[in-house]
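If you read the sequences in order, they're chains A and B. Position 30 of the first sequence, counting from 1, maps to 262 under the working numbering, and the rest follow consecutively. Position 49 of the second sequence, counting from 1, maps to 281 under the working numbering, and the rest follow consecutively.
In short, the hints are calculated from the structure, not lab data. For glycine and all other residues, C-beta sits at the position ideal for the given N, C-alpha and C. Hints may contain errors.
[Said to hold, decoys possible] Footprint (simulated), chain B over chain A, 3 or more residues, beta carbon under 8 angstroms:
1. 371-379
2. 383-390
3. 460-468
4. 474-484
[To be verified] With a straight-line cut-off of 30 angstroms between C-alpha atoms, the simulated DSSO-like cross-links for lysine-lysine are:
5. K465(B) to K379(A)
6. K376(B) to K379(A)
7. K379(A) to K261(B)
8. K436(B) to K261(A)
9. K251(B) to K291(B)
10. K291(B) to K481(B)
11. K376(A) to K436(B)
12. K379(A) to K251(B)
13. K261(A) to K481(A)
14. K376(A) to K465(A)
15. K376(B) to K376(A)
16. K524(B) to K246(B)
17. K436(B) to K555(B)
18. K376(A) to K379(B)
19. K246(A) to K436(A)
20. K465(A) to K291(A)
21. K245(B) to K465(B)
22. K436(A) to K376(B)
23. K245(A) to K436(A)
24. K436(A) to K379(B)
25. K379(A) to K465(A)
26. K291(A) to K246(A)
27. K524(B) to K251(B)
28. K246(A) to K379(A)
29. K555(B) to K291(B)
30. K555(A) to K524(A)
31. K379(B) to K261(B)
32. K481(B) to K261(B)
33. K379(A) to K261(A)
34. K261(A) to K246(A)
One letter stands for each residue in the lines below.
Number of protein chains: 2
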Amino acid sequence: MALVVDLEGERQKKPNLDKLQALVADDLKAVNEVIVQRMESPVALIPQLAGHLVASGGKRLRPILTLASARMCGYQGNRHIPLAACVEFIHTATLLHDDVVDESELRRGQASANAVWGNQASVLVGDFLFSRAFQVMVADGAIKVLKILSDASAVIAEGEVMQLMTTGDTATGEANYLEVITAKTAELFAAACRIGAVVAERPKAEEDALLSYGTNLGIAFQLIDDVLDYSAKQAELGKTVGDDFREGKISLPTILAFNRGNEAERTFWRRTLEDMDQTDDDLAHAITLMTKHHALSDTVDRARHYGAVARDALGIFPDNAQKQALLELVDFCIERAY
Amino acid sequence: MALVVDLEGERQKKPNLDKLQALVADDLKAVNEVIVQRMESPVALIPQLAGHLVASGGKRLRPILTLASARMCGYQGNRHIPLAACVEFIHTATLLHDDVVDESELRRGQASANAVWGNQASVLVGDFLFSRAFQVMVADGAIKVLKILSDASAVIAEGEVMQLMTTGDTATGEANYLEVITAKTAELFAAACRIGAVVAERPKAEEDALLSYGTNLGIAFQLIDDVLDYSAKQAELGKTVGDDFREGKISLPTILAFNRGNEAERTFWRRTLEDMDQTDDDLAHAITLMTKHHALSDTVDRARHYGAVARDALGIFPDNAQKQALLELVDFCIERAY
Numbered sequence: 233m234a235l236v237v238d239l240e241g242e243r244q245k246k247p248n249l250d251k252l253q254a255l256v257a258d259d260l261k262a263v264n265e266v267i268v269q270r271m272e273s274p275v276a277l278i279p280q281l282a283g284h285l286v287a288s289g290g291k292r293l294r295p296i297l298t299l300a301s302a303r304m305c306g307y308q309g310n311r312h313i314p315l316a317a318c319v320e321f322i323h324t325a326t327l328l329h330d331d332v333v334d335e336s337e338l339r340r341g342q343a344s345a346n347a348v349w350g351n352q353a354s355v356l357v358g359d360f361l362f363s364r365a366f367q368v369m370v371a372d373g374a375i376k377v378l379k380i381l382s383d384a385s386a387v388i389a390e391g392e393v394m395q396l397m398t399t400g401d402t403a404t405g406e407a408n409y410l411e412v413i414t415a416k417t418a419e420l421f422a423a424a425c426r427i428g429a430v431v432a433e434r435p436k437a438e439e440d441a442l443l444s445y446g447t448n449l450g451i452a453f454q455l456i457d458d459v460l461d462y463s464a465k466q467a468e469l470g471k472t473v474g475d476d477f478r479e480g481k482i483s484l485p486t487i488l489a490f491n492r493g494n495e496a497e498r499t500f501w502r503r504t505l506e507d508m509d510q511t512d513d514d515l516a517h518a519i520t521l522m523t524k525h526h527a528l529s530d531t532v533d534r535a536r537h538y539g540a541v542a543r544d545a546l547g548i549f550p551d552n553a554q555k556q557a558l559l560e561l562v563d564f565c566i567e568r569a570y
Numbered sequence: 233m234a235l236v237v238d239l240e241g242e243r244q245k246k247p248n249l250d251k252l253q254a255l256v257a258d259d260l261k262a263v264n265e266v267i268v269q270r271m272e273s274p275v276a277l278i279p280q281l282a283g284h285l286v287a288s289g290g291k292r293l294r295p296i297l298t299l300a301s302a303r304m305c306g307y308q309g310n311r312h313i314p315l316a317a318c319v320e321f322i323h324t325a326t327l328l329h330d331d332v333v334d335e336s337e338l339r340r341g342q343a344s345a346n347a348v349w350g351n352q353a354s355v356l357v358g359d360f361l362f363s364r365a366f367q368v369m370v371a372d373g374a375i376k377v378l379k380i381l382s383d384a385s386a387v388i389a390e391g392e393v394m395q396l397m398t399t400g401d402t403a404t405g406e407a408n409y410l411e412v413i414t415a416k417t418a419e420l421f422a423a424a425c426r427i428g429a430v431v432a433e434r435p436k437a438e439e440d441a442l443l444s445y446g447t448n449l450g451i452a453f454q455l456i457d458d459v460l461d462y463s464a465k466q467a468e469l470g471k472t473v474g475d476d477f478r479e480g481k482i483s484l485p486t487i488l489a490f491n492r493g494n495e496a497e498r499t500f501w502r503r504t505l506e507d508m509d510q511t512d513d514d515l516a517h518a519i520t521l522m523t524k525h526h527a528l529s530d531t532v533d534r535a536r537h538y539g540a541v542a543r544d545a546l547g548i549f550p551d552n553a554q555k556q557a558l559l560e561l562v563d564f565c566i567e568r569a570y
């Protein structure tokens with residue numbers, strides 16, 4: 233009983249990023265400087281377009297992972313700063329190309345770059361940022377880091393193509409979906425964390441532990457993202473709800489609702505997601521069906537599972553402020569669903 | 233007089249790629265094996281789409297430059313094989329993204345990948361090939377090569393963005409156009425050649441000479457490409473004429489015709505290229521104006537200039553079969569206009 237009162241009485245106890253952001257604040261400032269500096273180009277459209285996205289208030293979650301992982305591993309140098317910028321460049325390039333692929337009009341509540349400057353510029357500036365990421369890695373000079381991030385980039389592209397192939401395919405199973413999000417999202421989380429151990433020259437066991445933390449955190453993060461796309465919480469945050477639905481994107485909420493649904497419901501899912509024949513009421517009906525089958529709450533439960541694995545992966549590291557903050561980050565990624 | 237008879241009587245004396253292709257035949261076979269092998273992915277669409285372009289009968293000019301340059305430098309090893317494949321992967325990724333940007337329906341006389349599989353898949357498979365190129369470079373392990381090709385990739389992307397910004401802008405000058413083609417085309421030619429000297433561990437002077445050869449060859453190549461887009465020769469080869477015109481692309485032929493034209497002619501160029509208001513007769517009229525002002529033949533003359541510089545750049549290398557073939561390649565790139 234006392235516990236219930238506590239939780240309800242103290243909203244501020246909700247997991248948040250404050251501690252993590254405070255810990256990496258100086259490093260993150262340096263990362264932002266590298267980003268702004270390396271976004272430069274005599275071709276004015278490049279910093280304009282890239283800056284639109286880079287400055288649009290993303291959480292910088294992936295570079296923060298590199299920064300916090302490196303410091304948790306006791307790293308005292310500065311190599312993690314430009315490498316964290318590389319991670320953000322790769323992420324930004326992916327977002328630019330994603331928005332072209334999805335024909336998105338909005339990104340982080342603002343007009344997306346492709347909506348402002350056209351698909352063509354978004355494709356090419358994405359290519360530039362991707363190349364720039366490799367230039368920054370080359371300046372670092374470590375083949376091991378280059379291997380981690382070139383491998384990650386190839387896997388991300390494979391994941392994006394896989395996702396394209398599952399779009400509109402209601403026969404997609406949970407295992408296939410998991411494969412997609414592991415590749416398109418978790419791989420970069422994992423690489424970002426692993427680089428922390430690499431620059432700190434920690435033993436393979438710690439590198440593997442950070443890889444596992446990043447992978448599982450990334451999966452949990454994407455699962456919650458997919459829940460949020462159908463949730464009132466998303467609407468509260470000023471973001472649009474139902475983008476995935478309108479694009480015929482298959483995610484765990486749709487997979488669970490489809491698999492648990494009766495024949496009439498499956499007909500609904502096929503019409504809306506496969507045939508892309510949608511009316512104004514369909515999104516509300518989709519959410520009703522998901523709620524009926526606990527598709528959203530069970531997706532959150534799946535996310536909790538991966539979150540638990542992520543937390544345990546950090547078990548081998550000695551307790552320090554960074555570790556505590558990375559543990560709380562797991563809770564934050566999951567609890568943001570509420 | 234005798235010379236004229238000779239030239240007219242012996243058509244087979246036209247410069248061609250036979251000697252070069254014969255010299256690199258074994259190496260090129262090995263490159264093609266690497267390409268097919270490294271195009272593989274568990275995601276079936278990737279090798280399908282990439283294979284469509286890779287197998288569609290490109291001349292493999294860029295990887296051939298790496299192969300011939302390395303051998304001209306006396307290189308006896310095998311590193312140039314996978315690195316030539318990297319060069320082709322970067323080129324192929326660029327073509328895939330170009331076709332999305334240009335909304336092209338055709339590429340090398342076949343349906344373009346974006347026309348068959350959609351823009352989305354072309355963007356993502358381009359990203360995959362680009363990442364794969366870096367993975368192959370990382371396996372080679374030389375930071376110097378990684379630097380050359382990551383720098384080249386960033387410059388190419390800048391060139392493509394610059395080109396996008398000049399599209400439809402009849403005020404574009406010759407210097408600006410030269411900057412665009414140096415970045416978007418010549419940079420990769422230069423990198424491909426330079427890598428030959430790098431793997432052969434030749435002194436900087438030879439690296440620089442190959443860089444100059446590649447840059448100038450690339451500029452000449454692109455100038456002729458831009459001439460061919462308006463020429464009867466292109467039609468003879470079964471390729472479409474006027475793609476650049478229909479896309480409002482500014483190239484040296486349009487720049488010369490515009491600058492040398494009277495006010496009525498400039499109004500024509502502004503209507504067709506800036507306002508993109510074109511009728512069926514406009515392409516023929518554009519070619520008439522270009523012919524009137526020697527815009528096409530003078531562009532070929534400009535190409536000859538860069539070709540001459542390219543040839544002289546090879547002067548420091550001892551005579552051997554590869555050098556002769558690379559010299560003849562310059563003539564081939566220019567004479568294909570006729």
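(message) For the stretch 371-379 of chain A, count the residues whose Cβ lies under 8 angstroms from any Cβ of chain B; is that count three or more?
(response) It holds: at least three residues are needed, and the stretch 371-379 of chain A offers 4 whose Cβ sits within less than 8 angstroms of chain B.
Decide if the proposed pair is consistent with the structure: K555(A) and K524(A), CA atoms, cutoff 30 angstroms inclusive.
-> violated (38 angstroms)
Verify the proposed pairing of K376(B) with K379(A), using a straight-line Cα cut of 30 angstroms. Holds. K376(B) to K379(A) sits at ~15 angstroms (cutoff 30 angstroms).
Is it true that the CA of K436(B) sits at most 30 angstroms from the CA of K261(A)? violated (39 angstroms)
field: Distance restraint between K291(B) and K481(B), which requires alpha-carbon spacing of 30 angstroms or less
entry: holds (24 angstroms)
ask   = Are K291(A) and K246(A) close enough, with their CA atoms no more than 30 angstroms apart?
value = Judged against 30 angstroms, a Cα distance of about 18 angstroms means the pair holds.
Within a Cα-Cα threshold of 30 angstroms, do K246(A) and K379(A) meet the stated pairing? Roughly 38 angstroms separates the two Cα atoms, so the pair is violated.
Can the restraint linking K481(B) and K261(B) be considered satisfied, given a maximum Cα separation of 30 angstroms? Not satisfied, since the Cα-Cα distance of roughly 36 angstroms exceeds 30 angstroms.
Between K465(B) and K379(A), is the straight-line Cα distance small enough, at 30 angstroms or below? It is violated: about 46 angstroms lies between the C-alpha atoms, which goes past 30 angstroms.
Is the Cα-Cα distance between K524(B) and K246(B) 30 angstroms or less?
Holds. K524(B) to K246(B) sits at ~27 angstroms (cutoff 30 angstroms).
task = For the pair supplied as a hint, K379(A) and K261(A), confirm whether the alpha-carbon distance does not exceed 30 angstroms.
result = Holds - the C-alpha atoms of K261(A) and K379(A) are around 26 angstroms apart, at most 30 angstroms.
Note to self: Need the status of pair K465(A), K291(A): alpha-carbon distance at most 30 angstroms?
What the structure shows: Holds, at roughly 18 angstroms.
The structure fails hints 3, 4, 5, 8, 12, 13, 14, 19, 23, 25, 27, 28, 30 and 32 (numbered hints given earlier, in ascending order).
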